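Residue numbers for the sequence shown follow the numbering used here, beginning at 1 and rising by one.
To be clear, the hints were calculated from the coordinates, so they are not data collected in a lab.
Remember, predicted model here, so these are calculated numbers, not experimental data.
Don't take every hint at face value.
Stated by the list, open to error - EDC-like cross-link-like pairs, simulated, lysine to aspartate or glutamate; straight-line CA separation at most 20 angstroms:
{"hint": "1", "residue 1": "Lys117", "residue 2": "Glu90"}
{"hint": "2", "residue 1": "Lys59", "residue 2": "Glu90"}
{"hint": "3", "residue 1": "Lys117", "residue 2": "Glu87"}
{"hint": "4", "residue 1": "Lys163", "residue 2": "Glu90"}
{"hint": "5", "residue 1": "Lys163", "residue 2": "Glu231"}
{"hint": "6", "residue 1": "Lys129", "residue 2": "Asp188"}
{"hint": "7", "residue 1": "Lys163", "residue 2": "Glu87"}
{"hint": "8", "residue 1": "Lys272", "residue 2": "Glu231"}
{"hint": "9", "residue 1": "Lys114", "residue 2": "Asp83"}
{"hint": "10", "residue 1": "Lys164", "residue 2": "Asp136"}
{"hint": "11", "residue 1": "Lys164", "residue 2": "Glu202"}
{"hint": "12", "residue 1": "Lys256", "residue 2": "Glu219"}
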Amino acid sequence: MPEGPTALGEGKFSWVAIQHGPESKIGSLNIFDVATGQNTTYPLPGRPGFAKPTSNPNKFIVGCERQLGIFDIRDSSWTTLADGIDEDVENTIINDGTLYANNIVFGTKDLEFKTPKAGLYLYRGSDQKLIRLRNDQICSNGKDVVDLGDGGLSLLDIDSPTKKVVRYRIDIESGELTDCKTLIDLGDLPAVPDGMICTPDEQSIIISFYNPNPAEFGETRQYSLLTGDLERVWLTPDSPQATCPLLLEVAPGEIKLIITTAVEYMSIEQQKSAVSAGGIFVADSGFPTAPSSPAYPLKVLA
């Protein structure tokens, strides 16, 4: 199940395979080179939810099972930064995450996709402290931290089964969320919102939609954060379970939209019609620039 594509510079991106098959308990970090079409796979010590680059190109910060750690692609070594995640509940693992400066906001998911027991967390880089922000998520997915312009920060967040994009004010110093507001209600769609990114001007968001039902295509949609209006739709033919988008500069001034898709939980019959499920798609984006792609500063861990 490909998820979490993340830019690694011009023409390269990483992505994670959450698990290598329906019964597997391990996944991988992958690095894809657009120019050559080469994909390099690095097995991980469990099922990852996300992987983000760091200031060391050989090391990634990864949410895997119920640990946050540093994975070194040179020797596959793992250094734990935080554990005890969701330690008071069972059957959850880390899902999506986002970087902001030397901080990480990430969530977990109920593996049965039905009980509001999963967490939303802040790993605060200033003191390497893990803070639970919420404990009532079902499948914490797309998220981004955005400057409000008044000195404060907002967290855009999706808990997939709610089919809503919400905005919180997040105070990293105090480790608190306040002022939850629904920005976009997607309840009229058959698919559920999964991964999300902001457009370069942070005035819109792009969301990939996971449709568990048989369909001719999947959808990745762009919505205005100001009005909630639908602005654009990208289709993934023969692959209805779109998971995550990425705006990537593949060459100077050439910005493509990368969309990962999944094959998980599909019946054999459904897979026969969804022949491109599990593939990674590349589309024209219409954007002249790509958003900045931060790397986690490892010096804060010293």
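Here's how the hints hold up against the structure:
Only pairs whose Cα atoms come within 20 angstroms are accepted, and lysine 117 paired with glutamate 90 is accepted, the gap being roughly 9 angstroms. For a cut-off of 20 angstroms, the pair hint linking lysine 59 to glutamate 90 is broken: about 29 angstroms separates their Cα positions. For the proposed pair lysine 117 and glutamate 87, the alpha carbon gap of about 11 angstroms is at most 20 angstroms, so the pair holds. The hinted pair formed by lysine 163 and glutamate 90 fails the criterion: a straight-line CA distance of about 24 angstroms is larger than 20 angstroms.
Restraint check for lysine 163 and glutamate 231: the C-alpha separation of about 18 angstroms stays at or below 20 angstroms, so the hint holds. For the hint linking lysine 129 to aspartate 188, the alpha-carbon distance of about 39 angstroms lies beyond 20 angstroms, and the restraint is violated. For the given pair, lysine 163 sits about 26 angstroms from glutamate 87 by alpha-carbon distance, which is inconsistent with the 20 angstroms threshold. Pair hint lysine 272 plus glutamate 231 does not hold up; C-alpha atoms about 32 angstroms apart against a cutoff of 20 angstroms.
A C-alpha spacing of about 24 angstroms is found between lysine 114 and aspartate 83, which places the hinted pair above 20 angstroms, so the restraint is violated. Our distance criterion of 20 angstroms between C-alpha atoms is met by lysine 164 and aspartate 136, whose separation comes to about 15 angstroms. Simply put, lysine 164 and glutamate 202 have alpha-carbon atoms about 18 angstroms apart, close enough for the 20 angstroms limit, and the pair holds. In summary, the hint linking lysine 256 to glutamate 219 is supported, as the alpha carbons are separated by about 16 angstroms, within the 20 angstroms threshold.
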